[in-house]
Structure formats: C-alpha cells, structure tokens
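Trainee: Residue strings, one per chain:
4 protein chains.
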Amino acid sequence: MKEAAKPTARVEAFSDGVLAIVITLLVLEIRTPHLHDILSKHEALEALRLLTPKFASFLLSFAYVAVFWVNHHHFFNLIADISPGLIWLNNLLLLFLCFVPFPTAMIGEYPSNPVALALFSMVLMGAGIVFTLMWRYAYKRGLMASSVGKHAAKAAVRSGLFGPPLYAIAAIGAFFAPGIAWAIFCAVPLFFFFHSMHLPEGF
Amino acid sequence: MKEAAKPTARVEAFSDGVLAIVITLLVLEIRTPHLHDILSKHEALEALRLLTPKFASFLLSFAYVAVFWVNHHHFFNLIADISPGLIWLNNLLLLFLCFVPFPTAMIGEYPSNPVALALFSMVLMGAGIVFTLMWRYAYKRGLMASSVGKHAAKAAVRSGLFGPPLYAIAAIGAFFAPGIAWAIFCAVPLFFFFHSMHLPEGF
Amino acid sequence: MKEAAKPTARVEAFSDGVLAIVITLLVLEIRTPHLHDILSKHEALEALRLLTPKFASFLLSFAYVAVFWVNHHHFFNLIADISPGLIWLNNLLLLFLCFVPFPTAMIGEYPSNPVALALFSMVLMGAGIVFTLMWRYAYKRGLMASSVGKHAAKAAVRSGLFGPPLYAIAAIGAFFAPGIAWAIFCAVPLFFFFHSMHLPEGF
Amino acid sequence: MKEAAKPTARVEAFSDGVLAIVITLLVLEIRTPHLHDILSKHEALEALRLLTPKFASFLLSFAYVAVFWVNHHHFFNLIADISPGLIWLNNLLLLFLCFVPFPTAMIGEYPSNPVALALFSMVLMGAGIVFTLMWRYAYKRGLMASSVGKHAAKAAVRSGLFGPPLYAIAAIGAFFAPGIAWAIFCAVPLFFFFHSMHLPEGF
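Chains as they are written, first to last, in our numbering: chain P, 1 to 203; chain G, 1001 to 1203; chain L, 2001 to 2203; chain X, 3001 to 3203.
These are computed hints drawn from the structure, not numbers from a lab. Some hints here could point you the wrong way.
Computed spacing ranges between beta-carbons, pair by pair [what the hints assert, rightly or not]:
(1) L:2141 - X:3081: 48 to 58 Å
(2) G:1137 - X:3164: 45 to 55 Å
(3) L:2036 - P:31: 34 to 44 Å
(4) G:1193 - L:2040: 47 to 57 Å
(5) L:2140 - G:1140: 50 to 60 Å
(6) X:3164 - G:1141: 31 to 41 Å
(7) P:35 - L:2179: 16 to 26 Å
(8) P:36 - X:3162: 34 to 44 Å
(9) G:1193 - P:164: 22 to 32 Å
(10) X:3133 - P:158: 53 to 63 Å
(11) L:2031 - X:3194: 32 to 42 Å
(12) P:158 - G:1140: 29 to 39 Å
(13) P:31 - X:3190: 32 to 42 Å
(14) X:3055 - P:186: 27 to 37 Å
Some chain G residues near chain P, calculated using beta-carbon distances under 10 Å [as the list claims (entries may be wrong)]:
(15) 1020
(16) 1021
(17) 1027
(18) 1028
(19) 1051
(20) 1076
(21) 1157
(22) 1160
(23) 1161
(24) 1198
(25) 1199
Cβ atoms here follow ideal geometry from the backbone N, Cα and C, with glycine treated the same way.
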C-alpha cells in the first residue's frame, strides 16, 4: 500500500481530465466555414457572423464547465475521505458534464429552437442536482473532517436549491421566447462566478 | 532520483488520462442532426428520437468505462510496486478501452445488427480478460504487499470468470435476437456497480 | 483536510490537461486527402503539397501553445498560494487557448485571408494580455513568496508589453500583405523560445 | 515556492496528457461505415473487412505511442533535474508524437502508397532521433544523478542508433514493395517491447 496517498487524489485527477477534455472539445463544434477555395474579406466576415450562435454557445458552455470545475475543486479540498457512493455520484456528475457538448452543439445550430434549449437546460439541471447531492452525501456521511467543510456543505446545499427552478423556467420559457432561456443561461454562471470570488484564498 | 516517488503514480496518471479521454470522446459520435437551417419543435423532437440508439450506446459505454475506472483505481490502490510486465498488461487493457468508441458508434448506428453487437461484446470481453490477468499477475508476482490486496486479488480473479461466458452469450445471442445482447450489456455494468458499492471506504 | 496539499496542484493539473488537449487536437484539422480509392505517388505528393498551409498553421499553433505551457509552468513554480481571482484569470487564459484550434483551422484553410489572420492575431493577443495580467495580479496580491518570483513577475509584465502591439501590427498588416502577419506569427514564438532558454535550471 | 515539488512533475504530467490523448484519438480515424440505414450481416462483415488497413494502422500507432510512453517513463524516472533545454527537446518529441495521427490516417487510407508509408516512417524517425538526443543531453548536462541513470543513458543512446537506419530502409523500401515498410513498422515496436521487459522492477 502506498503510504502518503491522498484518498481523493485519483478521483480529482480523473475528474480534472474529464472536465479539461469537455472544455476543450467544445471548440470542435465550430467548424471552419467552407464556401470556396479562396474567400474575400466580406465573405469571411459574413461566414464568421453566421457562426455567432456557435460562438455564443461555446462561451456559455465554457463558463458552465469552468464554474463546475471551480466548485468541484472547492468541494474536494474539503473532503477528507472517499467512498464508493461518492465516487459513483461523481461519475454521475461527469456523465452529465461529458454530455454537455451535444446540447451545446444543438443550441449553437438551432439557437431559437425550444426543444434544443430545453435539452441544454435539462442537462445543466441534472448536473446541478447531482452536485448538490454530492455535498449532501459528503456532509451526511461525515466525509468532511473540518467544521469549515460542514459549514460550506450546508451553504452549498442551500444555494443548490436555486438552480433547478431556474433551469425549469428556462426550459419552459424557451417555448414562449428563446430569449428567456438565453438570459437565464447567461445569468447562472455569472452568479456562480461572483459567488466563487468570495471563497477564501487557497480555497 | 526522486525520493518519495510512488512507483505506480505515472501509470495511474497515464491510465486516468486515457480513460478520461475515452469517456469524453464517446459524445462526439452523437452528431447534431442537420435537416434544415431552422427546425420546428416537432422536427427537433423527431430528430432526437431518431438518435435514441446513439444515446443508449453512449450511456452503455460510459457505464462500462466508469466501472473499469473504479476497478482500476481499486486495483492500483492495492499495488505496491510496478513491473514492465504489469505496465504492458495495463497497456493492453488500454488498447481495448481506447478502441471502445468504435464498437460504440457501430451499435449506435446499427443497434440491431448482430455483427456490430458481437464486435462490441468481443471488445468488452478482451478488456475483461486482460483486467483479470492483471489481478492474477500482480498476485503471483507478489506486487501486492498487504493481505487485503491478496484477498481482493483472489476475489477479483474469481469474479472475472463470470464476464467472458456472458459476453460470449451476448455475441452469439445477438444473431438470434439483438435484445439478448442489449440485456446482457445493461446487466453487466449494473452488477459491477452494485459490487463496487460494497468496497470499503477509502478503497 | 489533506495535509501536504500544494494549493496550486489542481489548477496546474487542470491547465496541463487543457493545454495537452489543445496541442493534440490541432492535428485533427489536417484531414486525410481523399481523392480516389488508390492514389499514385504523384497524386499523394500533390495532396500533401496542397496541405502545406495546414502543416504551417499546425506548427505555428503548436509552438504558441508550447511557449504558453513553458511560461505557465514557470509562473506556477513561483506562485505560493492560489486565490479565486487568480483561478478565474487562469480560466480566462484557458478560454483563449481552448479557442486556438478554430483560428488555426481558419488560417490553414485560408492562409492569405486577412480576416482569418486578424482573428488568429486577436486570439493570441487576448491570451497574451490575460497572461500578463496574471503576473501582475499575482505580484500585487503577494501570491509570490520569494524575491525570485517578484523579480520574474516584474520582468514578465515588462516583456508582456511587447506582444499586443506586435499582434496589432499583424492584424492590420494582414490587410495589406498576408506575409506581414505570417512573419510576426513566426517571430513571436521564436523570441519566447530563446527567452525561455535563459531561465534557470529547475525553473 | 513549493517545498517538496519534484522538478520534473509537471513535464511528466503534460507529456502523459499529450501521449494519452494521442493514443486515444487514433480510434477517431476509424469511421463507422455508413452504407444504408440498416446493414445485413454480410454487409456489416464486408464493411469491417474493408476497414482492415485502418485497424492495422491503429494497432501499429498504438504500439509505437505505448513504447514511447514506457521509455519516456523510464527516462524521467532517472532524471533528477529539469532544464529549459530538456523541456524544449521534450516539446519537440511531443510535436512528432502529436503529429502521428495524420500519417496513421494516411497509411490506413492508402496502405500501399509509398509516399504515405515514407511519411509515417519519417515522423517515427524524427521522434526516435529527438528521444535519443534527450538521453544524450541529459547525460552530458549531468541531469542524471545516479550511476544507474548514466548507464541507462549510454545504453539508450547506443540502441537509439538502430532506429534511424531502419526507418530509412522502410521509407525507401516502400517505393519497391510496401510490405518492406509494414514489416519494419511491425518489427520495431516488438523489439522495444521485448527490450522494455528486461527493465528492472519499479523502473
């Protein structure tokens, strides 16, 4: 047996790998426009303009995966031990996050299609719910050694209650006006960004 | 020479990388449906419905790779030293797992084709056999320092005998009814999931 | 809580993952030429010759990502602690670097199109500015424990002032003669390569 | 500054990432055959049979990257310190290895085309020469602390002389009979495989 092995080291490494790949694969959905062999300046600008929804969905999903990575990092910093249950909850989280490139491509291709927007919404909702369950599980099972961890877990479970209703509004709202969904999709990572800025140094 | 180097650290890092990439690449096989420039709600739903076999094969292969990752993690936690033979057995395991996206795409594209299902079956059988050989090798070569490790190795080699006959039944059964293969493909990761839930904390 | 956890370990691991994937994905833009089922020697050579701009843009972006990796490595070697602000600046850097495969594909496909060249220029400018901000931020916030780090930060912020004007010249020059942009794109990584060769051993 | 930082840790992590991605991307070149919506058994078998050269080139490149990984692991195990020069030699090695998927796809698509085979040959020759230079550099610069390392370096530089002539024969031989190149491509990783089996435990 290894001596100084951190029990969570490999779960973190595997999760880092998956999140790094997801965040990097997103750009593959933005294909080079191929019109003629040689494009004029105006054709090139027009081709880029037509890709706007793809750039927007790329930015959005990048922001979501980055937010998940920051919070995942924060979570495992507070975890003292690992259990099979936590690993499988983490695998379920990775399942939702691995799937993100598909709804990202859908809303990039059909930015005003309510079905595409609802799908994007539901995948993020799934990831959010599972992550909240991870905090709850770790707290209940006593995998957090410190009082700092217990306090953070309570706060995370509380703030995790905001996400699902918002995503539900986005999914339903998309059928009335796509802008509702897009507005919520932009607001949520901004909220988490500002939230994470208040985490302590060396969090 | 590095002092505190864990002898298995880099093999674990490389394997984590490969498994993380395989599990994340699987989604690339699910291509955005492209019918018209703008899809109606019903066309979008119909397009998603037509992708059902791709979603199913994605979920299945995700589950298999996740199960292999959990067991691989468990295995290397019990290994005290590395040898060239173990590294090459591990490379052979990674070969089968790296190949998984191809049969996954095949059964996603042709979900009732017996040749595709038999191929999927045989790749998983290969991975399962090599992993059982890894446990056996590590046990025989004394690479497991603790009695916990030796006990786990015996159990793993024993339970490794169940997989190959099941995969063989799936491969042959696919030629009679594709449902036989799909049922077995779903049952095996579920079995390993429940099995891994009984592993000790910090496993 | 883990005891000996290096506060920057997971940020480095995640960044390493992202950079490793970006640098490896670049080759995917070079597609196998598919003319007939069987190519003659001359057709194969001609097909490779036609891919020259793709090879050139591959080499260029490889060099840029490699330079960023070396400097990123140097940066985090000098950082003693992490803060949410630094993590988000790092995420912003990764956003620009994750996007690199797209402008790389654009200049590989349209090597003399000024819009494509300006886009490539601006993405690199963005990455360069964010990286300079990271040095500045780490210095101002006292995240660098040693005097070596403080000295390196000042030097990095100073040398970071050279990049943006050069990229601006490349972006504007591309509209007059594409060769101007290409010359600057080749010169910048060479400069950073020679610069990094003067870093101390074990940097 | 971090205290217990292994100077080579991040170079190893980055290289592991790149090699893991290269080895996993290879399978993406094997595209699902798409003939009709539903394939008969015989059509599916025939489609797989037509993919034989792609499977062969996948296996070959997998073996090469695996061999490079094993030797890279062995190399960095013996390295006590890092220098900018060694990092850039390593980057140059990664450049050749990152490029491998392209010639792999070429020989998978055109298995008897001498230009494709010569390209594959030259990329491997490049990687082999750079790796030999890395051993030489590390030895000359005294980056190997132990006598074991110095001995291994001498042996590696010596055995590194065998590769380039063989690859040159493969490249030239391909213009006379493609089988010459394929035979050499198969023999070299087998040689390195048997060679690496004699490395000491915990190498």
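Trainee: Taking the hints in turn, state whether each one holds.
Mentor: Comparing the hints with the structure gives:
A C-beta distance of roughly 30 Å is found between residue 2141 of chain L and residue 3081 of chain X, which places it outside the suggested range of 48 to 58 Å. Remark: the range hint 45 to 55 Å for residue 1137 of chain G to residue 3164 of chain X is contradicted by a beta-carbon distance near 35 Å. Residue 2036 of chain L and residue 31 of chain P have their C-beta atoms about 25 Å apart, which leaves the hinted 34 to 44 Å range violated. Under the hint 47 to 57 Å, the C-beta atoms of residue 1193 of chain G and residue 2040 of chain L, about 54 Å apart, fit the expected range.
Hint check: residue 2140 of chain L to residue 1140 of chain G, Cβ distance near 58 Å, so the stated range 50 to 60 Å holds. Checking the proposed 31 to 41 Å range against residue 3164 of chain X and residue 1141 of chain G shows it holds: the Cβ atoms sit about 36 Å from each other. Taking 16 to 26 Å as the suggested C-beta distance range, the pair residue 35 of chain P and residue 2179 of chain L conforms, at roughly 24 Å. As the Cβ distance of residue 36 of chain P to residue 3162 of chain X is approximately 49 Å, the hint placing it in 34 to 44 Å is violated.
A beta carbon spacing of about 25 Å between residue 1193 of chain G and residue 164 of chain P agrees with the range 22 to 32 Å that was offered as a hint. Distance hint for residue 3133 of chain X and residue 158 of chain P: a CB-CB separation of about 58 Å, consistent with the stated range 53 to 63 Å. Between residue 2031 of chain L and residue 3194 of chain X the beta carbons are some 36 Å apart, a value that agrees with the proposed interval 32 to 42 Å. About 53 Å separates the C-beta atoms of residue 158 of chain P and residue 1140 of chain G, a value inconsistent with the hinted range of 29 to 39 Å.
The hinted range of 32 to 42 Å is satisfied by residue 31 of chain P and residue 3190 of chain X, whose Cβ atoms lie roughly 40 Å apart. Taking the beta carbon of each, residue 3055 of chain X and residue 186 of chain P are about 46 Å apart, not inside 27 to 37 Å as hinted. The criterion of a C-beta within 10 Å of any C-beta in chain P is met by residue 1020 of chain G, whose closest approach is roughly 3 Å, and the hint holds. A distance limit of 10 Å between C-beta atoms decides the matter here; for residue 1021 of chain G the minimum to chain P is near 6 Å, and the interface restraint holds.
Given the 10 Å rule on beta carbons, the hint for residue 1027 of chain G holds: about 5 Å separates it from the nearest Cβ of chain P. This hint holds: residue 1028 of chain G has a C-beta 7 Å from the nearest C-beta of chain P, less than the 10 Å allowed. The criterion of a C-beta within 10 Å of any C-beta in chain P is met by residue 1051 of chain G, whose closest approach is roughly 9 Å, and the hint holds. A hinted interface residue such as residue 1076 of chain G counts as satisfied when its beta carbon comes closer than 10 Å to some beta carbon of chain P; here the least separation is about 8 Å, so the hint holds.
This hint is violated: residue 1157 of chain G has a C-beta 20 Å from the nearest C-beta of chain P, more than the 10 Å allowed. This hint is violated: residue 1160 of chain G has a C-beta 19 Å from the nearest C-beta of chain P, more than the 10 Å allowed. With a cut of 10 Å, the hint placing residue 1161 of chain G at the interface with chain P is violated, because the nearest CB-to-CB distance is about 23 Å. Checking residue 1198 of chain G against chain P by beta carbon gives a least distance of about 7 Å; that is within 10 Å, so the hint holds.
Evaluation of the residue 1199 of chain G hint against chain P yields a held restraint, the C-beta minimum of about 5 Å falling below 10 Å.
Hint compliance for this structure: hints 1, 2, 3, 8, 12, 14, 21, 22, 23 are broken, all remaining hints hold.
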